[in-house]
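Listed here are the chains, written in short residue letters.
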Amino acid sequence: MAIFTKQYHPPGTAPGTLSDLETTESIEYRISLINFSDTYFEEIKVDKVEKCRAFLKQPEITWIHIQGQPTPQILHEFATLFEIHPLALEDIHNTGQRPKIESYDNQLFTIINLPIFVDDSIISEQISIFAGSDYVISFHMSEKDSFEPIRKRLRKHSGKIRSRNVDYLLYSLLDIIIDEGFPVLETFGEKIDTLEEELLEKPTNNTLKKLHNLKRELLILRRMLWPHRDLLNKLLRDESNLINDDTTIYLRDCYDHTVQIMDLMETYRDMTASMLDLYLSSISYKLNDVMRVLTVISTIFIPLTFIVGVYGMNFSVNTKSSWAMPELHWEYGYPILWIFMSGIALGMLIFFKRKGWF
Amino acid sequence: MAIFTKQYHPPGTAPGTLSDLETTESIEYRISLINFSDTYFEEIKVDKVEKCRAFLKQPEITWIHIQGQPTPQILHEFATLFEIHPLALEDIHNTGQRPKIESYDNQLFTIINLPIFVDDSIISEQISIFAGSDYVISFHMSEKDSFEPIRKRLRKHSGKIRSRNVDYLLYSLLDIIIDEGFPVLETFGEKIDTLEEELLEKPTNNTLKKLHNLKRELLILRRMLWPHRDLLNKLLRDESNLINDDTTIYLRDCYDHTVQIMDLMETYRDMTASMLDLYLSSISYKLNDVMRVLTVISTIFIPLTFIVGVYGMNFSVNTKSSWAMPELHWEYGYPILWIFMSGIALGMLIFFKRKGWF
Amino acid sequence: MAIFTKQYHPPGTAPGTLSDLETTESIEYRISLINFSDTYFEEIKVDKVEKCRAFLKQPEITWIHIQGQPTPQILHEFATLFEIHPLALEDIHNTGQRPKIESYDNQLFTIINLPIFVDDSIISEQISIFAGSDYVISFHMSEKDSFEPIRKRLRKHSGKIRSRNVDYLLYSLLDIIIDEGFPVLETFGEKIDTLEEELLEKPTNNTLKKLHNLKRELLILRRMLWPHRDLLNKLLRDESNLINDDTTIYLRDCYDHTVQIMDLMETYRDMTASMLDLYLSSISYKLNDVMRVLTVISTIFIPLTFIVGVYGMNFSVNTKSSWAMPELHWEYGYPILWIFMSGIALGMLIFFKRKGWF
Amino acid sequence: MAIFTKQYHPPGTAPGTLSDLETTESIEYRISLINFSDTYFEEIKVDKVEKCRAFLKQPEITWIHIQGQPTPQILHEFATLFEIHPLALEDIHNTGQRPKIESYDNQLFTIINLPIFVDDSIISEQISIFAGSDYVISFHMSEKDSFEPIRKRLRKHSGKIRSRNVDYLLYSLLDIIIDEGFPVLETFGEKIDTLEEELLEKPTNNTLKKLHNLKRELLILRRMLWPHRDLLNKLLRDESNLINDDTTIYLRDCYDHTVQIMDLMETYRDMTASMLDLYLSSISYKLNDVMRVLTVISTIFIPLTFIVGVYGMNFSVNTKSSWAMPELHWEYGYPILWIFMSGIALGMLIFFKRKGWF
Amino acid sequence: MAIFTKQYHPPGTAPGTLSDLETTESIEYRISLINFSDTYFEEIKVDKVEKCRAFLKQPEITWIHIQGQPTPQILHEFATLFEIHPLALEDIHNTGQRPKIESYDNQLFTIINLPIFVDDSIISEQISIFAGSDYVISFHMSEKDSFEPIRKRLRKHSGKIRSRNVDYLLYSLLDIIIDEGFPVLETFGEKIDTLEEELLEKPTNNTLKKLHNLKRELLILRRMLWPHRDLLNKLLRDESNLINDDTTIYLRDCYDHTVQIMDLMETYRDMTASMLDLYLSSISYKLNDVMRVLTVISTIFIPLTFIVGVYGMNFSVNTKSSWAMPELHWEYGYPILWIFMSGIALGMLIFFKRKGWF
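Chains as they are written, first to last, in numbering that gives the first Met the number 0: chain C, 0 to 357; chain F, 0 to 357; chain P, 0 to 357; chain E, 0 to 357; chain S, 0 to 357.
The following block holds chain C by itself, in its conformation from the complex (with noise of 0.2 Å):
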């Protein structure tokens, strides 16, 4: 994943303007509504907005989620019938927002990341969020749906989530995406195991572009996720009158969700940084031993060599003198030889075995 993934327009551009984006490929939308109360429940699939517009007079809770990347046209649809701020429209089309939550006047817009693995590499998608008092709209720009396990519920009329309002709706869509941090960073986990069982037993240089890459992943990983904390927590301390109390203790469960997802990070980050330091120091220790194994056979054949070197001098070969080279006439010159570079050789290895080499 790019470090920068922010989408934004040139500087100065009015703010609300909605320009074409230019990613490579286009993903078709969808764009499914659901109309629900305790007793009452239709699903319906859109293809025109203005469809939506019966449904938001009736008493019952609206759910319209847009799966896919609409047109600018169709946010502007969107926008115009459900009075959406230009700068969240913006916000909804330019994805890489930081997540956040706002409240504009009797609506509360939330932007929130969903982190999921494409390709064993961690990406991270934008889901934004607008709750009204009867309503909430949804828009997620990807191929992937991740609320099927809500619309099953909704359908079977399990759990609390029909009986209650706009609230708990909310309080469910952004429980399942922080929720998906868990499996992601359980993954991330396994993966750091592994890692250091590879850096203790043989680490390579490609276990330190591995380890590089994990803490890579982890960095843009916290950058996504980190304000999901604040922004439960600015949700909990809203002045909207959006959130009832029943639905706060909820949303403080949710909220120990993320500050545990931090904790996880936390340590996930201060254990790689651990692995570093184990990578560094074992090479630097191996290091060390290849080099008092070469040094002891050095050390000790250096001197040796150079004294056989001496003994292969040609000073005797031409001349009489007796200067030139006695040694290689004495009777016992060659075993005595032998003597004298043991001798060496030994002295060598006592010196070295005090200093600790072997």
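It is possible that part of the hints are untrue.
Since the list gives no way to pick one copy over another, a pair counts as held whenever it fits inside one copy or between any two copies.
As the list claims (entries may be wrong) - Here are the simulated lysine-lysine pairs, DSSO-like style, with alpha carbons at most 27 Å apart:
no.	residue 1	residue 2
1	K209	K354
2	K354	K50
3	K208	K354
4	K208	K190
5	K233	K5
6	K209	K352
For the record, the hints were derived by calculation from the structure and aren't laboratory data. What you are looking at is a predicted structure, and each value in this text was computed from that prediction instead of being measured.
Please build the complex by placing chains F, P, E and S on the supplied structure of chain C, with the hints as guidance.
Chains F, P, E and S in isolation, oriented as in the chain C frame:
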């Protein structure tokens, strides 16, 4: 201990769902009930949850402790009897939660971590405590019972525990769990001291791995115990009328213990960091030492070996040319060479001495 | 960009003194004035400060922009006309100030930094903005004009800028400067990505210098942009009645951008730190690799070279002593020696294999 | 000094239990009592706790100091006489507590650490002080009495100590203990300065161990003294009506000292960290230096040694083949070889010069 | 500059005691008095403290400045005359205090640090300022007078200093001291830039020592200047009615300067940290480079030297055995050997090329 220890439902599961845990082996549960007041004491083993109902109506304080892993069925029965919130129930069932305190109407729900040594490595066990106006329910999903000293004090009527209210019982339970941190940290401190000595005397690659393990354990221990301070702080500031003023002094003492435990963990963290630095610097220093020996020996003998190699050449053997190694024919060629070589060696030694290499 | 960029008077100079700047070359200044309301638009080039006086009494909003470096004389004339505080005047004149917001009676004075790339390295330019009840004066001591998009929007009556008050114009000016951070950080992110690839593939000493330069630029960029968050926070909390409620939403959006910019800079900082670790570990690993090859080759051949040196000695040449290297006279001496040496080499290889060196 | 110094009861012990301390040797205790007012002074040695009772009823201020290690029995007698809370009693008895201030009804209980040098290494001693409306009780479980200067001032009626209230006596006791930090930190600073010089001149492995010890001591010292700031802050904000307004100024001075001590400890910490960096970099630089010498010498002589080795081969000795080392038969073979070898050596030197290796 | 610079009395000394300072040489003191109002100006040298008394009763503002080191006697006379608190007196006398602001009834006491360069290294001098309703007393225990510019402005009636109150004079004194930080930090910045260039071009062990010294100075400078921000913050929030509203703007400007100075010091700190990293990595890279050259040369020539050593053996000299080095007798033995050795060298080169070693 694995880094990721939280048990969780698939994202999107309705809150309060209790799925079967995929733990390798289930731990048989046993329920003990103590009913006491200053003048009354009754202790029974409970086999059916229904049996607890009778005690709730009595004026005495009832403490129900569930040791081991109860089935979801049992948990649901407790939930019904004591009106436990589904979210709390889920947190009791899915262990590995972050320590926290949560107040539901007239009930205080506490999750706290007990650090224990298993096979010389630290693990953490979750203990969940429910405190109502005249009852305390505690869950501990483990074999080992940690609350026996409290039970003894209750039976013997020692200290003030029998004459106080529910809040003092809650304090006693929290206090014993938090104080278990001290022996754990004392053992940890001894491990650090032992390792430090090993580092200063004869560090090996194994020392490094031990150090890494200490850092890892400390990291996880920190994540487990850090939230206890906030927990107690919240309990002290709590507006629920469960905590009486004279128990506050005891809770403040307990709070001081959590701070002291955090102080210790910080010191340990800094110590392990400093020890790693010591290891790395030590290794570097030794490498330097090794290399200096190699270099001194090599740079002295390599030129000398070259010189004796020169006079081992066979130029003078086959030619009578006066240009062919006339040195070999000199009367004092051999001793002159020795003087020359000694001069080189001496020069080198002086050079190294000046560099301060030995 | 130099680390120290602040221009200052000698300590003890009376506040509000405007000394001549010792910049190498002065930048010619030009003053543009725009007078506008929802229904009216006038744009003129101003050559004398006095000319501005007439516009102040009119009900329209007046925006005076001074591009380039005005003389102290001109500044004093503006100060007199708009009752600018001497301290503010000094800050406009001595660029390199810390971004800040200051409210003088009925006036808001803002200093903000514009980050731009000059010759592939980031520099920062100070923009000073004065906002009164119906006028805005902006100073930008540089050649390049950054506010042209605003002027275009004013001329074309696009967006809401013409129908809003002074606070919206102030927001628009701040917004364009802060948003200039995004393209700068995007370029920065690409530089980091490129360098990371270079690091992973073929790191050289030059890579290291590039990395150091990135860190340096990031450090300075951080110092320049960090105070923007506080600035906007202060503006949002400001009690001056200059900021209307419906502009607050826009300023909050602007505030979010400063937070996102800080998040990005933090991520970049951590990335560059991680990249340095990668570099160092990589270098260490390679050194280890190099040393292993050297050691394996050396320790195999050094003893062998000693052995063949032994049999190059001339003991047997001149003596008939039976102690003088009898091995040379053996029938199978030469092949036996080869077998012996092969044995040593093989033993060494097995030893290194076991050590896991190749 | 060991890292873990806290004395604690087994978890689950009832609060206020005083078990026998397992210290290696007990320190005999002595109790001194001073009863004073502006006009009155009486100093006695107390052998029975009961004797103190009489003084409590008198209007003068009574200061009881227990130097050494009293038995649990004695402590209980004091507790009964002065209505000391069991938790406070336990903290007095089990030394190694975190410095803190606690207010029980009309009583202020303070635990504070006194840093002293014993055998050139810093240890900390706990001093516990109880302040009531007209008495102060202080406990110091050590041989050495630190409060003698206060006693002298009381006897001589020097300064204002006799004419002030209990709060000023409490301040005087705290002040003397906190100020003991300055000579300790001065000595520490001198140690750092000495070690820094050693590092810059001739660092050895021993220097490293000294540095590690300094860091260790600093770490423990920090844990001991850090809480003093909070303690004084709490005392300053205290709502108990024990502290008069004119004593606040003195306590604020005392508070400033704790801040200055923390500043110094932070500086020391950064200094030791910087010194370790210096050590490591210094070692690396020297290693580089050593390796450069080895490499220059080796790479010049190794090829030359090969060449002279070539002409030491015996091909021409036994054969008459004209392919067998004809160079040996050339008239100028030997001098040509020297010229050739000098050329190689010169080339190498130029190569190294260009690389900037010497 | 030493790390520990605080002067202190032995712990337990009564507050306000002025012992003789053990500074190596005392600095002669001189007292100057300026009495001024908008219309009046008088400047005299004072030889007796008593002379100041007359000016106190006059309506003009009196500024008494004591340059150099007054005797305890003189200090006591000032204390009596101006009702200076003993603790403040002690702080004036014992220099090396932490910058702070303290308000005694109707008096503001300020301690502030002046950073100056002495012999190319930074030291700090303590300046103590007392401000009452119509007088200011300043103490500067140093030779060099820093307040001359203020005096000039007072004499020339330049700026507003003569027409304002005591608070503006206090601001002017603080401002000049704080602003002295800018030239000091500018020089520091230049030192860092110079060192950075040295590091990038030709780092030596001396560069490292210079870097360490910079870090050390920065550390001490930070401790000296850091509290200035809090000091000014306290002054701005001060409830004493000494500071008028229109002076607050000036103090806020002064506050901004302290923040900017802190920003600069943080940037410098990060820069020096980054430079150390650059140094270490650079050294590591160069070591790698050196080792690669050594390894390539060694591993090519060591096997070749072994081979020529083999054919320098004397097996064939004395024996006629057909097993004794028959290669020497081959017609093309010598050229075949050269081809063989060239093959080995070429193989090695290809191997190293593939490893990417050159």
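Each hint, compared with the structure:
Taking CA atoms no more than 27 Å apart as the test, K209 paired with K354 passes between copies only; the shortest distance there is 21 Å, against 38 Å inside one copy. Neither within a single protomer nor between protomers do K354 and K50 lie at most 27 Å apart by alpha-carbon distance, with minima of 87 Å and 67 Å respectively. For the homomeric pair K208 and K354, the shortest alpha-carbon distance between copies (18 Å) is at most 27 Å, but the shortest distance inside one copy (36 Å) is not. In this homomeric assembly, K208 and K190 come within 27 Å of each other (Cα to Cα) both inside a single copy, at 13 Å, and across copies, at 19 Å.
When the C-alpha separation of K233 and K5 is checked against a cutoff of 27 Å, the pair qualifies both within a copy, at 23 Å, and between copies, at 26 Å. In this assembly of identical chains, K209 and K352 lie within 27 Å of each other by CA distance solely across copies; the values are 26 Å between and 39 Å within a copy.
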